[in-house]
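Trainee: Chain by chain, the residues:
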Amino acid sequence: MTKFFNLLQDGLALGAVYALVALGFVVIYRATGVINFAQGGLVVFGAFLVYQAQFTWDWFGGGSTWPGFIASALFAIVCVAAVGAAFEALVLRRMIGQPIFAIILITIGLFLLVEPITTTVWHNPPGGIETPFGLQRITISDVRILQVNIATVVLGALVLGGFFLLFQYTKAGVAMRATAVDQEAALAQGISVRRVFALSWAIAGAVAVVAGMMLAGGAGPAPGLSVSLAVIALRAFPAIILGGLDSPGGAVVGGLTIGVAEVMAKGYIPDRFPALGAEFGDIVPYLIMLIILLVRPFGLFGTREVRRV
Amino acid sequence: MARANRTMVRSYTDDLRLFPTPAKRVGLVALIALYLLVPYLINDEWGSVLALAGIVAIGAIGLNLLTGYTGQPSLGMAAFIGLGAFIAGYYGGGRIEDGIGYDLNLFVYLLMAVVAGAVVGFLIGLPALRLRGNYLVIVTLGLVFVALYVWKKWTTFTGGNEGSPMPVKADLSIGFWSIDFLKPTVFGKELGPKQGLMYLAWGLVIVVALLVKNIVRTRPGRALQAVRDRDVAAEVVGVSLFRYKVGAFVISSAIAAAAGVLYGLYLGFLTPDETSLGLVLSIQFLAVIVVGGISTIYGSILGAVLVGALPKLIEEFVPDNWNVPILGWPIVTNEAGSTGFSKGALATAIYALLIIVFLVFEPRGLAGIWRRIQAYFKTWPFSY
Amino acid sequence: MRGKKLGRLLGGLTAVALALGLTAPAALAGGGHTGKTPPDVPGFDGKTIKLGVITPESGPASGIGRPLTNGNRVYWESKNAKGGVGGKYPVELSIEDSQYRVENALQGYDKIKGDVVAFQQVLGTQIVKSVLTRLKAEKGFGGPASLEGLWVKEKNLMPVGTPYQALSANGLDWYLKNGGKGKKICAMAQDDEYGAAGLDGATQASKTLKVKIDKTVRFATTSDVSAQVGELADANCQAVVLVALFNDTSSIVTKMIGRNFSPQILGLAPTWLSGFAANADFGSFLQQNYVWLGFGPAWGDESVPGMAKMIADVRQYSPGQEPDTYFPFGYSQAWAMDQILEKAVKNGDLSKAGITKASNQVGTLKFDGLVGDFKYGKSGTDRNPPRVTTIAKPAPGQPNGLQIIELNITSDAAKKVKFQR
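Residue numbers (numbering that gives the first Met the number 0), protein chains in the order written: chain A, 0 to 308; chain B, 0 to 383; chain C, 0 to 420.
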């Protein structure tokens, strides 16, 4: 039984990271209808900027102290949000009306740009980002949980709550929802669609930084700073498909589910089906995604799109 | 009476002709001459680049059929390339030394790869019927990873983690005439494997281009484009979505598998991992058709040559340590640890920028640019 | 009639005379003196010898490629200052950036293969395999920059250093002699060629040493390893042979700490990064539980003649070079190539065939303790790689963050390891 709980908490920790990345996707999709393939790149970029503030500039003594941690996080958030908004304004704006896959390709292009830029500016720094949690753990009966994992889950919940408040109760949030439903109608109502788009990209950038920070700081699979963080962000796709492309709650549920499924598969399958091996767990998310797409394409919580042919 | 011209035709047959004008026919002869002579004369360094460009062109034409003409964006190329390459390794005699696999003629295993690609394409095309745009891209992305897992686990077929050596001879025999593409002898002169691969690759490019062009300029082609533009309306009008969507997958996957066979021959050895058969490979093909021009055949070829030659061009023409003029900020540098891009990173960055720039400013790609130049000269002196 | 016979006789005599005239100097030169310059071949113009290098100078693997290439470079700069190979022929390196991608590597290979006599360094297992197919076809010769056991028997390759299999075998043997007897031993290996090699060595050794490896887990690089670590923890393993790369080590170790799982970690050399010893989060965990299985003396340990030679060269030709685990490997590669080239020059033949022949005649490659001596026999299959391993413990402040506890040990288990092909 302890094995189950250990795997569960590992899965939830991993899932929380996926959820954070997925939330970034959802924000942009909700407002603009575009899936931002570059989200993983923004995650990496954000992580490196945090590193820059913590190590190279050594603000407030680095990340292991709370002031340093928060300051570097804020710095990265501002920068990446700006990059996101700028990209949207300069590049994506011109693509309105183009076929969907052209837009997808542009975001893929942005994704490709991240690697040469990060390796050129920062080369390959050893080690990762520091968090005030380090590797301390708390113990609940027999199960040991890393503090940084708990922090990630808490952050995920906070972001989700923040989104809820944003979308329900603020003017900007309502504007975003209106734009998602019908751009022209929103424009007719006096909503600046341009601003909404820019805002959604900025928010996605901020969320990406949070995800990258926790990822590089010890939560989830591979603490440490390298471009392979972007690969991990790819695993968030099954999360958004499962949860529904335009549902933040769905992103969180999807992320957690995928994380747990992946870890459980790795934990139990090699024993029962040795032929499949441990790496089967790595493709379980994609298999889940495939099944969901065949059975319920709009995900658990997404809006139903009716197109019968 | 005026002769048939690209812009003024009087019958359907005339409209369909591949080489209607004398200019085009001359161009055809020139191209054939190029095909025969270039590998003969070129050195190994550029031969390698052009051979790879040819292989990429084959895959790109297939992808263009699927994505450009039918509107089904797919990131799954890497899976089919891998399929083709491992078939070549297993059936082409790559591992015959270890007593595994078979040692068959190039024609045979190329055909096998095409059939296998078609079958798998069919299987993928079926669920793809229900998916559009974003969703299809994500699913095909997942396909790449699932394929990698399968290659790693299926050790008899692919050699698992160790990978699979590729055939060292690629012989094709038709009746009394046979040629080994990896050690060809043309008019008495023995050429290297790169030159042989150039002949093979570009020969296949011609075959595939003709095939796809024929599909595209006739009724199936129009049906595909109808599916791309408004699939619901197409179904209403009587275009069977099942037939054309799945059919596009079948054909493009078969072509991709053929490209994969050549890719395997080119590499000489293939291990199933992310660096050789991963997402980046699939993205590369998408980039090629975007840069070259979506839904044009010769665009894919142009794009393939540009993208294939890009790293080489950068290496040749970008100086080792290059600073922004006047300001002196380093852009390219050769030493580790100092600011500035390395040439490799610069290549990737330019590659990504090309995608973005072309998509924003010239969505019809290089083919679009060429058409503009053509139009300019055609309407000269009224080209405003 | 007579004229014809005479003509033939004369012709025959001329032929013999010519033959003697051409071969005699070569025969004389083969006697031991580099009296005559070897004939010009691609890569050798009578004055300079060119060697090719295919390495990732940029991209993610440049952290390995650059110091390795620097090691090649420094060795040759030092040797060239003394005149070069045979005292007469300096060596020039022709470097191609592969960016760790096979297509680029192959294009680089094609570009320079006509201008070099051999390849000093080819980095990357997949890349070496692809290049090897071409080397075999063109009868070339090259030095792979990795410790795969596969290279040992390839006559077109110049492997250097203790293969991974022997490293893990020695590690297991050392552990059993140092408190490991009767303990539960497990293994965690990456799911690729390298992982398979390390695991293979441990498995072969376990048979020789008559112990059992209780649990083996595999994992894909940069993926989540909680489940795998959990399995080992649940099985209460007391020692884990770790075959991974340094970017996975941190996540594996973090998960172990998270589970309060502190086995004795026997980590192969690529698991280590110098910065780990001083790492705030897991440095102390590693100091208590980790043991490094690599080879060679500590950087700067001048009691070992090979290291002393290398350090002297570093001071003179690359004073900015930080202590590094890959640099000595590159240096030894160049040293190995030097010994082979010396033999080839003595034979008067720097062609591809000549170099391969020289590699079969050079006997044992010696490195004065910098890396293990490698016996090159009369053919590829007749080779015996070094079976020595150096054991070290993490220690912040020491070069590379490691403190050596046993230098160049070997064991029966390692000696009995077999390499396929």
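Please keep in mind that the hints were generated in silico from the structure rather than gathered at the bench. There may be inaccurate statements among the hints.
Straight line, CA to CA, 16 Å or less: simulated EDC-like cross-link-like pairs of lysine to aspartate or glutamate [stated by the list, open to error]:
1) C:K214 / A:D270
2) A:K2 / C:D233
3) B:K168 / C:D233
Trainee: Decide if the proposed pair is consistent with the structure: K214 (chain C) and D270 (chain A), CA atoms, cutoff 16 Å inclusive.
Mentor: Satisfied, since the Cα-Cα distance of roughly 11 Å is no more than 16 Å.
Trainee: Does the structure keep K2 (chain A) and D233 (chain C) at a Cα separation of 16 Å or less?
Mentor: Roughly 7 Å separates the two Cα atoms, so the pair holds.
Trainee: Going straight from one Cα to the other, do K168 (chain B) and D233 (chain C) come out at no more than 16 Å?
Mentor: violated (51 Å)
When each numbered hint is compared with the structure, a violation occurs for hint 3 only.
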